[in-house]
Every structure is written in C-alpha cells, then in structure tokens.
Amino acid sequence: MSDRKDIELIAELVPPGSRVLDLGCGDGELLAHLAATRGCSGYGVEIADANVLACTQRGVNVIQLNLEDGLAMFEDKSFDVVLQLDTMQHLRNTERMLRETARVGRIGIVSFPNFAHWPNRLRVATGRMPVTKALPYEWYDTPNIRVGTYADFEVLARKDGLRILDAFGLQDGAVVRRWPNLMASVAVFKFERG
Amino acid sequence: MGSVGQVTPQAMSFAAPLELQSGASLRDYTLVYETYGTLNAAKDNAVLVCHALNASHHVAGTYANEPRSEGWWDNLVGPGKPLDTDRFFVIGVNNPGSCFGSTGPMSVDPATGRAWGADFPVVTVEDWVDAQARLMDRLGIGRLAAVIGGSLGGMQALSWSLRHPERLRLCVAVASAPNLSAQNIAFNEVARRAIVTDPDFHGGHFYAHGTLPRRGLRVARMIGHITYLSDDAMETKFGRRIQADGSLPVGVRNGELGYSTQEVEFEIESYLRHQGDKFSEYFDANTYLLITRALDYFDPAREHGGDLTRAFAAARCRFQVVSFTTDWRFSPARSREIVKALLDNRRDVSYAEIDAPHGHDAFLLDDARYHGVLRACFDRLAAEVSA
Numbered sequence: 001m002s003d004r005k006d007i008e009l010i011a012e013l014v015p016p017g018s019r020v021l022d023l024g025c026g027d028g029e030l031l032a033h034l035a036a037t038r039g040c041s042g043y044g045v046e047i048a049d050a051n052v053l054a055c056t057q058r059g060v061n062v063i064q065l066n067l068e069d070g071l072a073m074f075e076d077k078s079f080d081v082v083l084q085l086d087t088m089q090h091l092r093n094t095e096r097m098l099r100e101t102a103r104v105g106r107i108g109i110v111s112f113p114n115f116a117h118w119p120n121r122l123r124v125a126t127g128r129m130p131v132t133k134a135l136p137y138e139w140y141d142t143p144n145i146r147v148g149t150y151a152d153f154e155v156l157a158r159k160d161g162l163r164i165l166d167a168f169g170l171q172d173g174a175v176v177r178r179w180p181n182l183m184a185s186v187a188v189f190k191f192e193r194g
Numbered sequence: 001m002g003s004v005g006q007v008t009p010q011a012m013s014f015a016a017p018l019e020l021q022s023g024a025s026l027r028d029y030t031l032v033y034e035t036y037g038t039l040n041a042a043k044d045n046a047v048l049v050c051h052a053l054n055a056s057h058h059v060a061g062t063y064a065n066e067p068r069s070e071g072w073w074d075n076l077v078g079p080g081k082p083l084d085t086d087r088f089f090v091i092g093v094n095n096p097g098s099c100f101g102s103t104g105p106m107s108v109d110p111a112t113g114r115a116w117g118a119d120f121p122v123v124t125v126e127d128w129v130d131a132q133a134r135l136m137d138r139l140g141i142g143r144l145a146a147v148i149g150g151s152l153g154g155m156q157a158l159s160w161s162l163r164h165p166e167r168l169r170l171c172v173a174v175a176s177a178p179n180l181s182a183q184n185i186a187f188n189e190v191a192r193r194a195i196v197t198d199p200d201f202h203g204g205h206f207y208a209h210g211t212l213p214r215r216g217l218r219v220a221r222m223i224g225h226i227t228y229l230s231d232d233a234m235e236t237k238f239g240r241r242i243q244a245d246g247s248l249p250v251g252v253r254n255g256e257l258g259y260s261t262q263e264v265e266f267e268i269e270s271y272l273r274h275q276g277d278k279f280s281e282y283f284d285a286n287t288y289l290l291i292t293r294a295l296d297y298f299d300p301a302r303e304h305g306g307d308l309t310r311a312f313a314a315a316r317c318r319f320q321v322v323s324f325t326t327d328w329r330f331s332p333a334r335s336r337e338i339v340k341a342l343l344d345n346r347r348d349v350s351y352a353e354i355d356a357p358h359g360h361d362a363f364l365l366d367d368a369r370y371h372g373v374l375r376a377c378f379d380r381l382a383a384e385v386s387a
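Which chain is which? The protein sequence lines are A and B, in order. Read in the numbering used here, the first sequence has 87 at position 87, and its numbers run on one by one without any break. Read in the numbering used here, the second sequence has 124 at position 124, and its numbers run on one by one without any break.
Some hints here could point you the wrong way.
Label pairs and their calculated CB-CB ranges [what the hints assert, rightly or not]:
{"no.": "1", "chain 1": "B", "residue 1": "S181", "chain 2": "A", "residue 2": "I47", "range": "21 to 27 Å"}
{"no.": "2", "chain 1": "A", "residue 1": "A174", "chain 2": "B", "residue 2": "G305", "range": "51 to 57 Å"}
{"no.": "3", "chain 1": "B", "residue 1": "Q183", "chain 2": "A", "residue 2": "T132", "range": "50 to 56 Å"}
Quick look at which bits of chain B chain A covers, simulated, 3 or more residues with Cβ under 8 Å [as the list claims (entries may be wrong)]:
{"no.": "4", "segment": "339–349"}
{"no.": "5", "segment": "371–377"}
By construction, these hints were calculated from the structure, which means they are not laboratory data. Note that the structure is a prediction, hence the values are computed from the model and not measured. By construction, the Cβ of each residue, glycine as well, lies at the ideal position given by its N, Cα and C atoms.
Given these sequences and hints, build the entire structure.
Put into structure tokens, the structure is as follows:
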C-alpha cells in the first residue's frame, strides 16, 4: 500500500478525528497522513525492525508485535478504526486476525491483492502463476501465504458475521466499483461486526 | 561520535528531610551527580538518566588520569551519540542508599556519629524519584525533556511518569518491568542470603569490625550475572570450554579435566568468580541489600488493587518502551504489560522489541537497532524543545 494515490483513497474511508490502529503499518506513512490531514491519532503495529525505526523517525506511535500472536494487548472496541492493509495475505491466522480486527475496532478496513483480477486469471489459464504489480513474487518466494479474491472475502465476511459497509477495488490509483472482482488488482472492504 | 571527555562529579546537599515510603525520613543527605552538555536558556533540554543496581551517576565520559573509567552508558550518551550531549543537558544522579558518593549505608548517621550500616532506612524507587526531583528543583529544571533508564533505572523512569507526570515530556523504559516476578524476587533473596549469612557481615555493621562480607557479595554477584546473560550468550561466550591453568605450561592443562570438585574447571566458572571478586572489592553489601529490596518493592499497580492500567492513568508524557527478546530476567512480556496499560489509557507510546542475543545485559550494549530507535526518539524530542 505504498502507492500514494491508494493511500489517499483508503484514508477517505477513515472518519476525521478517529482513533486508529494500523496493523502492519509499514513505515507509518498512512498514519502520518491520517494525522496530518484528518486529525486522527493512534498506533501502528509492525514486526519488521526497519519499519519500527521508520515509524519512530516519523513520530508515529508504533508497537512492535507479531500479528500471528493475536491482539491480546488491545481491548474490545478500543479503536474507532482498525486498518489491515496489504497485510492479511501474509498471515497464517487470517480468519482469526479478521475477527480480532472486528473485535478491537468499531470499523475494520482491509485491503489485499485480488487474485481474480483478469490478468491473473489469464495467466493461470495459461498454466502459470501470476506475477504482477500487486502480486510481484514468484510462486516459490512469495510472502503471500493466503491468496484470495474479492469474491472470496465477501464469503468469509458473511461466515464471520461481518457487515460490509463499503467495498470496492483499486486499480491504477482509481476506485473500481464495476466488476471489482474482475477489474481491480486490489480489494478494499470496510466493515463492522454484524 | 565522540566522548563527553573528562568529567567531574558534583555534590548537592539537602537539609530538608526526605520523607520515605516506609514512613521514615532521611535528613541532611547529599546527592552526587554528573552533567554533560549545556542547559539551554529555556531549561527544557534536560534529560535525566537513572541508574540500575550496580551503576552510579557516572553515565558518560572519563575521570582525569583514569583512561579506563568510561561511564556505564558511554556508548549512548555523548556528542553525536543517540542521546546527543550537543543538544541535550544530560544528568546522572547517584541514588540515596548507594555506595558511590550519595548518602548511603557507608555515610555517617548524624544521629549517632557512626556509619549507618544496616540501619540506613529502606529506600524505594519512589523515594529515589522524589530525591531526583528535588535535585531538579535545585538545578532550576521544572520540566525534563526526558527521563531514561534501563532495568531498575527504567522503573525509576516509569515512576517519574506517575509521581511527577507534568515534569517530563518523554519516558524511556528499557528492559524494565512493572514489578518483579516471584522468580526475580527469588534470585534477589538468594543474593541477600549469601550476604547476610557471611560471617563477616556482622548484621550489617561490618565497618566497625574492619571486615567486608566479600564471600557473600561474590556469590550475590555471580547469581546476578547468570541472570543478566542469555543461555545462548553464555553458550557462545564460554560453552563447555575448559579453563586453561595459568600456572602450568601452555598445552599441559588446556582441554584436560582436572578432576577437582573445588578448583575452576570450566571457563564460565572462572568468569563468574572473576566478576564476583571484582564486585566484592568495590560494592557495599548493605547497598546491595537495599537496592535489591527496592527492586522487590516496586509495584505501581499495588495501590490500585493490582490494576496496572489504573496505575498508569496518572501518566501524561509520551513513552518509549524497549525490550530484548533474549532477556529472561525482565522479559518482553513484562514490557508488553507496561505497553498495554499505556494503550488502555490512550497514552502516546511506542514499543520496540529488539531481537538481540545478549539477554538482560543488552540494554548496556551498542546494538544498531536498539540505538537507532533511541536516536530517532531523541531526534524527535530535540525538535520539540529548543535543543
């Protein structure tokens, strides 16, 4: 989620003044942006040393944790918004983290690479795994251990009792609302506990 | 990056009694301290460094004609270093009850004219913080830019944020804990028993007998050292290597077992004995008892029914918490308890869990990730004050 335009589009989903928890916050760019433009406060969670340092250099509050260990440190509904951007696909406990996101935040926002984007489908149809901007890895070195589609997430959300408040795709820095499962490389969902 | 160079300790005496947590009071006491860098006109660039069990006010620099006398946190504090003395006015204070210059068991009790010895009042982390706050008053420092400490020093930094919440902008607690676990108290108790049962201890009044409970101190220090190192660090540093015997020609004893139950066989034994010997020559036994007790007693949640979240409701400053993955004495889980209490109170907090191999001792060492985080933290602080 380093694309500047994508960050701005996601930031628009966050109500001004929100208390935000950003799971897998990277170098803290989004949190800094939310603080500067929308008066938000909060914390990032990161596992990588370099990102923890980058957040500290930016003045973004950051908690160094392994998300696979859960969110026991955070109380129920203690945040207005919990973000899980471009992070889900790296987690073994994807479903548990989704439930945790919905537990800790009033609103959850997730984004992840949409495996059903049409170039990926074409590539799989030719018998090979896709290598694209959103999925830039070879099958043998990808950190994405959970690859899903826009449509898959809708099914999982229903299963876990999440009410989808908004959903769209992102492609080339623009929102895709028409056939996002086919036309967008990134899926974005905003939800609350149903 | 440089050294603060040659430094000279200073002393400040206090006539007004310091009311202690125990109900006793300490009157006519002196605090020894050192400062590095320059206090700015706004007096808002001061950083207090709190020391742990066996350290002192001598945080950085060296003493005249003692080239090997670097302060205990010299790798962190100095010009261009993470805690940059070109920007900050850094203060190290020796806590009362210590044996490095401030009033302690070796000082003369004005009531009796003899050394306090075992009669020195029991002091707590809170007492130290109050004593440090008085020194800040005298130095004209209303609000510190930061208070930083590792281990027991981290506890003092945390205590500052609770007792004097408006008097600091930033609290940095490294390799610390919200209280000691039973295991930790157990280690302290073994160390204390080693000292107290040394026949040379004389109930703590050994000064009058012209003796020192060296044996007890040695054992106490050996136990401490084991807990400061990680299993891996000890394995790497010593493993099962056999100690070479300096009295024999090279090669005769090397690698051979001596089949002795009392002589040093393994390098780790030699190391621990050496550390114990060194320590027993310069550290005061009564101080060791007092400081380990201060560690045991620290528990800010206690007066809130054990609820650390309620304890930290008083805090106002920003926090940087740091732990080390291999520290089993003050484990990352204990630092996470602090972080959780701060999150519950919606305080500004950052937490770095450094994957360093050295155990508890890592807080004194120069690790790029650890010092990088502290540097970033102090850079940001410098931008907020006129440093």
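Unmet hints by their number, sorted upward, for this structure: none
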